[in-house]
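*Asks:* Could you build all of it, start to finish, from the sequences and the hints given here?
Protein chains: 6
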Amino acid sequence: MKPVCITGIARAEAEIIAQLGEAGVSTTHEAFGRMGLMQPYMRPIYAGASIAGSAVTVLAQPGDNWMLHVAVEQCQPGDILVVAITSPSTDGYFGDLLATSLQARGVRGLIIDAGVRDVKTLTQMGFPVWSKAISAKGTVKATLGSVNVPVICAGALVHPGDVIVADDDGVCVVPRLSAAEVAKTAMARMANEEDKRKRLAAGVLGLDMYAMREGLAKAGLVYRDQNDT
Amino acid sequence: MKPVCITGIARAEAEIIAQLGEAGVSTTHEAFGRMGLMQPYMRPIYAGASIAGSAVTVLAQPGDNWMLHVAVEQCQPGDILVVAITSPSTDGYFGDLLATSLQARGVRGLIIDAGVRDVKTLTQMGFPVWSKAISAKGTVKATLGSVNVPVICAGALVHPGDVIVADDDGVCVVPRLSAAEVAKTAMARMANEEDKRKRLAAGVLGLDMYAMREGLAKAGLVYRDQNDT
Amino acid sequence: MKPVCITGIARAEAEIIAQLGEAGVSTTHEAFGRMGLMQPYMRPIYAGASIAGSAVTVLAQPGDNWMLHVAVEQCQPGDILVVAITSPSTDGYFGDLLATSLQARGVRGLIIDAGVRDVKTLTQMGFPVWSKAISAKGTVKATLGSVNVPVICAGALVHPGDVIVADDDGVCVVPRLSAAEVAKTAMARMANEEDKRKRLAAGVLGLDMYAMREGLAKAGLVYRDQNDT
Amino acid sequence: MKPVCITGIARAEAEIIAQLGEAGVSTTHEAFGRMGLMQPYMRPIYAGASIAGSAVTVLAQPGDNWMLHVAVEQCQPGDILVVAITSPSTDGYFGDLLATSLQARGVRGLIIDAGVRDVKTLTQMGFPVWSKAISAKGTVKATLGSVNVPVICAGALVHPGDVIVADDDGVCVVPRLSAAEVAKTAMARMANEEDKRKRLAAGVLGLDMYAMREGLAKAGLVYRDQNDT
Amino acid sequence: MKPVCITGIARAEAEIIAQLGEAGVSTTHEAFGRMGLMQPYMRPIYAGASIAGSAVTVLAQPGDNWMLHVAVEQCQPGDILVVAITSPSTDGYFGDLLATSLQARGVRGLIIDAGVRDVKTLTQMGFPVWSKAISAKGTVKATLGSVNVPVICAGALVHPGDVIVADDDGVCVVPRLSAAEVAKTAMARMANEEDKRKRLAAGVLGLDMYAMREGLAKAGLVYRDQNDT
Amino acid sequence: MKPVCITGIARAEAEIIAQLGEAGVSTTHEAFGRMGLMQPYMRPIYAGASIAGSAVTVLAQPGDNWMLHVAVEQCQPGDILVVAITSPSTDGYFGDLLATSLQARGVRGLIIDAGVRDVKTLTQMGFPVWSKAISAKGTVKATLGSVNVPVICAGALVHPGDVIVADDDGVCVVPRLSAAEVAKTAMARMANEEDKRKRLAAGVLGLDMYAMREGLAKAGLVYRDQNDT
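So the sequences go chain by chain: A, B, C, D, E and F. Following my numbering, the numbering of the first sequence begins with 11 at its first residue and continues without gaps. Following my numbering, the numbering of the second sequence begins with 11 at its first residue and continues without gaps. Following my numbering, the numbering of the third sequence begins with 11 at its first residue and continues without gaps. Following my numbering, the numbering of the fourth sequence begins with 11 at its first residue and continues without gaps. Following my numbering, the numbering of the fifth sequence begins with 11 at its first residue and continues without gaps. Following my numbering, the numbering of the sixth sequence begins with 11 at its first residue and continues without gaps.
The reader is advised that the hints may include incorrect statements.
Because identical chains cannot be distinguished in the list, a pair is counted as satisfied if it fits within a single copy or across any two copies.
Here are the simulated BS3-like cross-link-like pairs (lysine-lysine), alpha carbons at most 25 Å apart as the crow flies [as the list claims (entries may be wrong)]:
1. 194 with 206
2. 208 with 194
3. 206 with 151
4. 151 with 12
5. 194 with 12
6. 151 with 208
7. 228 with 151
8. 12 with 228
For the record, the hints were derived by calculation from the structure and aren't laboratory data. These numbers come from a predicted model, not from an experiment.
*Replies:* Right under this line is the structure:
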């Protein structure tokens with residue numbers, strides 16, 4: 011791949027992004043037909059963060075964070091930096107200095123299929139990160155990669171400008187042009203879930219609420235008392 | 011295996027269960043002759059929870075949570091749902107709706123050799139889960155498994171009605187009929203540990219308290235000053 | 011290896027150790043030429059702890075914590091116990107009783123390439139541990155190992171008396187005789203980072219602050235607007 | 011667990027065992043209702059071996075192969091030694107000397123949820139092993155375990171005398187009392203598969219042979235030409 | 011995702027595919043700018059196979075191989091079946107019956123980010139497979155996926171009709187429209203390597219052949235005799 | 011670490027190296043007091059190779075094989091190249107061109123804590139490799155490391171000139187100055203094992219040959235007939 015930094019990428023509408031952020035990862039993933047989820051090894055460095063934003067993507071080389079510095083300049087308020095590496099790495103590509111720079115530009119967080127460091131400071135700064143590892147291992151700045159090209163990050167395809175949703179359940183990617191439709195479905199799903207939650211809390215069984223009993227019987231489920239075994 | 015849901019399972023006495031819960035996982039595991047422990051990849055979704063209860067078991071298919079809904083109906087106050095999958099999976103079988111339903115029935119927590127989602131809400135609800143993974147990946151309801159059959163969950167054999175103890179150290183299973191004896195041993199062990207703790211805090215060495223010096227010398231341990239090397 | 015317990019080991023100066031502790035793992039690792047870092051699977055049992063101290067080393071056998079008891083006697087205030095196992099293990103070698111004993115002797119923490127248990131109590135005691143696993147699995151006291159010999163712990167070589175630095179970013183080892191020089195470099199690095207942080211927070215780009223633009227262009231980086239693709 | 015060596019275990023009939031061996035792991039696993047399979051990390055040390063026999067079980071301690079020597083005496087011609095460890099281990103519990111001893115007693119192979127060594131010699135001897143690892147790491151003989159107690163080996167429950175089937179596809183366990191029925195089902199399945207194989211080789215599609223088209227359409231599968239997208 | 015089976019996909023020219031097959035995975039990967047490689051956990055079930063062909067893609071559900079049967083009908087001579095799963099799985103989706111069917115249609119091999127079984131028979135048939143696991147675990151036919159949609163398989167994006175190259179070094183994907191150019195580069199690279207190989211075999215050092223000495227010195231490499239240390 | 015290439019390293023005597031090679035990994039590891047073994051994830055790219063030689067060590071950067079070219083020049087007939095990486099990597103650092111160069115210099119094999127490629131050609135050349143992975147992923151030549159410094163490779167400390175023994179059981183390191191003594195012990199052990207092998211083949215039980223019965227009884231082992239349970 012010829013190293014390149016793509017500028018002027020398109021982004022989704024802020025309102026759509028906000029709706030997906032409100033829905034959260036699990037609901038967004040369902041609303042998007044159970045697609046777009048990154049592998050579950052991507053974990054937040056601290057619990058409770060919940061963000062949504064537009065992807066600025068980086069394809070970096072193993073043990074080399076040069077392109078992250080290039081990417082910072084391409085970030086706008088509301089963006090999320092998404093970093094893929096050309097081969098598996100746990101190195102600490104990112105620390106509090108890069109986070110300071112991103113925070114100064116209004117970036118909402120980092121998704122990286124590798125390691126980060128300075129996690130205590132990042133936590134104090136309230137700069138959320140989802141990563142594969144935490145590692146103090148430093149990186150060099152020697153070999154080019156690319157910025158704002160399509161990348162595969164933790165098993166999910168991300169195009170620049172796609173909507174990223176991240177919370178304690180993981181990270182989900184919604185293509186920019188599907189975002190409005192997915193957001194609409196997600197909003198409907200949330201309303202629906204609230205009603206179900208109330209009924210279940212009142213003691214209604216899912217077996218009845220979802221009308222599962224007939225299907226289970228047809229599939230062959232048998233009930234048997236232990237004492238009759 | 012013919013799909014089946016066993017009803018009317020026997021459970022251990024509440025007082026015995028309470029004693030094992032008080033003892034916690036590490037002491038229970040020791041009191042049970044170092045048996046019954048699940049693999050250490052089973053981790054709580056939040057720190058500090060500590061529960062004990064009677065196992066209602068589920069054997070589910072990969073990517074399919076149909077049987078969890080069947081199991082809910084079999085749960086009584088004080089139970090713990092234990093879910094094994096027929097092959098390794100990290101999918102999110104369980105979320106806040108199922109937790110709401112279980113909590114409404116007085117269930118104390120979930121042990122699952124797979125993934126869960128909605129962990130922020132589960133944490134807010136105070137519904138503890140020990141799992142192999144956290145994942146937003148949804149599941150289907152298409153293929154039967156069984157409820158209240160013996161299962162192997164994270165390397166431990168669990169029969170329905172066995173006592174489950176779970177805390178920050180992991181998850182331990184005690185067969186129903188051994189529970190009283192294990193609880194008695196655990197209580198004795200706790201009393202004994204309290205005394206040891208005080209002596210160690212006062213500066214007594216384990217080498218002396220456990221009378222290890224002779225055994226070490228007999229086994230051949232040599233002390234040598236670094237400057238004499 | 012003949013089992014041996016080496017006594018009378020030399021340690022680094024307290025002030026040097028304190029400086030490395032202040033610098034933390036990531037800065038120490040950089041100041042030491044990016045050497046000495048343990049593998050990133052070593053994680054703290056609770057977030058926020060940050061320690062530095064002199065290594066008392068243990069080489070223990072699989073599933074056997076006998077030598078930890080021997081090591082306790084060799085510990086002085088300000089030490090950190092570093093435990094390597096002769097083959098991979100996740101067993102729970104260490105719990106609250108051993109921690110009570112170490113805390114009574116002024117030991118600052120434990121680094122163990124295996125498992126620990128009683129983590130809730132350890133957290134309440136404020137006794138920090140970095141480990142490969144959390145596991146209630148008990149160990150025996152049957153086979154000798156050694157104390158205060160050089161060990162390889164989580165991929166890093168540790169000699170007794172080396173300086174250990176551990177925080178949320180992981181664990182780093184600095185040889186005793188290199189500690190003063192590394193501490194000096196680390197202090198300088200910290201001062202320098204503070205200045206960089208301020209500039210980045212003010213919106214200066216790393217591309218400019220580090221004068222990277224020429225190097226990137228020379229290496230062949232091309233900027234291209236998405237609409238011109 | 012009190013250390014014990016159980017003698018005089020019952021075994022399945024030789025003819026039944028031979029039938030399951032002929033069926034192989036995948037067919038046996040299907041015939042047994044998709045149960046009894048060990049985890050897929052259990053791999054043969056050389057390709058092509060295929061055995062079936064009666065389980066003599068060992069529960070050994072981490073890094074300690076004492077009980078394997080005890081188990082040898084309990085083995086009869088046609089047996090298979092099945093070794094579980096009380097916690098995860100990759101140590102080399104077994105080498106060419108133990109294999110020589112087992113081969114002298116007519117034992118057909120070894121299943122071990124840990125490591126083995128001398129694999130070149132074992133291969134030359136034609137003594138098949140399915141293991142989690144290959145490792146030269148030696149073990150001690152210091153702590154008791156048990157022989158011929160129920161064990162969980164690589165995720166499967168094995169009682170002494172159960173039938174073990176092992177080939178390039180993995181390892182499957184069939185309870186002694188279910189063996190005759192499973193063997194009968196397996197034989198029928200094999201006959202059936204031979205016919206299917208011929209039809210598929212002749213170009214008949216599985217879609218037609220298994221009459222899947224209607225089910226797929228009902229479930230909602232849509233065919234669309236790429237050029238019409 | 012709406013379940014769909016796309017028909018009439020376009021393929022690359024046979025001659026181009028043959029050239030990439032001759033080049034093999036490592037050379038193709040280099041010729042394609044070091045892109046397109048699947049994760050190294052994808053291993054052949056037997057050594058020595060080397061294939062290239064056009065991808066027919068499948069997106070299947072966990073533990074469910076229904077869509078593989080749908081995909082068979084879409085295969086032509088020279089194709090390679092590429093199977094991705096919607097979440098991580100090691101189940102045995104594929105065995106000798108499906109292989110018989112594919113072989114009858116002239117399919118060259120299977121790439122699957124999950125498990126396969128009947129590997130002894132597959133080896134005897136000479137039907138090569140690259141997979142994540144070998145497992146006898148059976149699958150169901152209950153939930154739809156898709157055929158000939160873009161999939162991410164073992165970390166690589168595959169569109170239907172892309173060229174797949176697989177050998178002992180792994181699996182590489184080349185987009186259909188880039189195949190001709192990559193093949194040309196690969197052919198040139200192979201000619202060039204042959205010359206290098208001869209010179210190195212004659213004792214010429216890479217340091218000289220690649221003219222590395224000046225660059226190493228400029229980067230700061232120092233040579234020092236051990237006795238002068 | 012300042013990048014450096016150390017020249018003029020000392021090596022063990024050829025006869026000693028040959029003896030350790032004859033003993034093989036498992037016997038050498040035992041003769042060396044069960045020390046020096048690399049982690050069991052280090053596997054040969056083909057079965058049956060068995061080598062011993064003097065270590066020429068490389069410390070390379072992630073995804074960068076520049077220093078391997080530097081190391082080639084330092085190799086003499088009978089050497090083995092040992093490559094450690096500063097952080098975990100599976101990239102393909104080494105292929106048939108480097109192997110051709112090493113073979114031209116009489117190097118006996120490669121030990122690398124990362125990936126290799128061109129494994130089919132390496133196998134045909136008879137150039138043995140023990141590695142963590144097989145991967146076609148290419149590397150760059152951009153950042154210095156060191157040659158002939160002490161390295162930790164797959165968990166074992168290797169000094170340049172140490173004796174490396176590698177076969178199907180793994181890889182073992184013996185420090186140069188200990189090699190003569192270890193070789194002597196290994197030779198004695200081999201003679202002893204041959205006698206044991208004959209007795210075991212004749213049906214003598216290890217329980218009797220090693221006189222274990224008394225120790226087992228004293229430790230508390232109980233024999234019990236299954237029918238008396």
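*Asks:* State for each hint whether it applies.
*Replies:* Hint-by-hint comparison with the structure:
Only within a single protomer do residue 194 and residue 206 lie at most 25 Å apart by alpha-carbon distance; the minimum there is 19 Å, versus 43 Å between protomers. When the C-alpha separation of residue 208 and residue 194 is checked against a cutoff of 25 Å, the pair qualifies only within one copy, where the shortest distance is 22 Å, while the shortest distance between copies is 42 Å. When the C-alpha separation of residue 206 and residue 151 is checked against a cutoff of 25 Å, the pair qualifies only between copies, where the shortest distance is 17 Å, while the shortest distance within a copy is 52 Å. Taking the shortest Cα distances, residue 151 and residue 12 sit within 25 Å of each other both inside one copy (17 Å) and across copies (17 Å).
For a Cα distance limit of 25 Å, the shortest separation of residue 194 from residue 12 across copies, 17 Å, qualifies, whereas the shortest one inside one copy, 38 Å, does not. For the homomeric pair residue 151 and residue 208, the shortest alpha-carbon distance between copies (22 Å) is at most 25 Å, but the shortest distance inside one copy (54 Å) is not. Taking the closest pair of Cα atoms, residue 228 and residue 151 come within 25 Å of each other only across two copies (13 Å); inside a single copy the shortest separation is 62 Å, beyond that limit. For a Cα distance limit of 25 Å, the shortest separation of residue 12 from residue 228 across copies, 14 Å, qualifies, whereas the shortest one inside one copy, 58 Å, does not.
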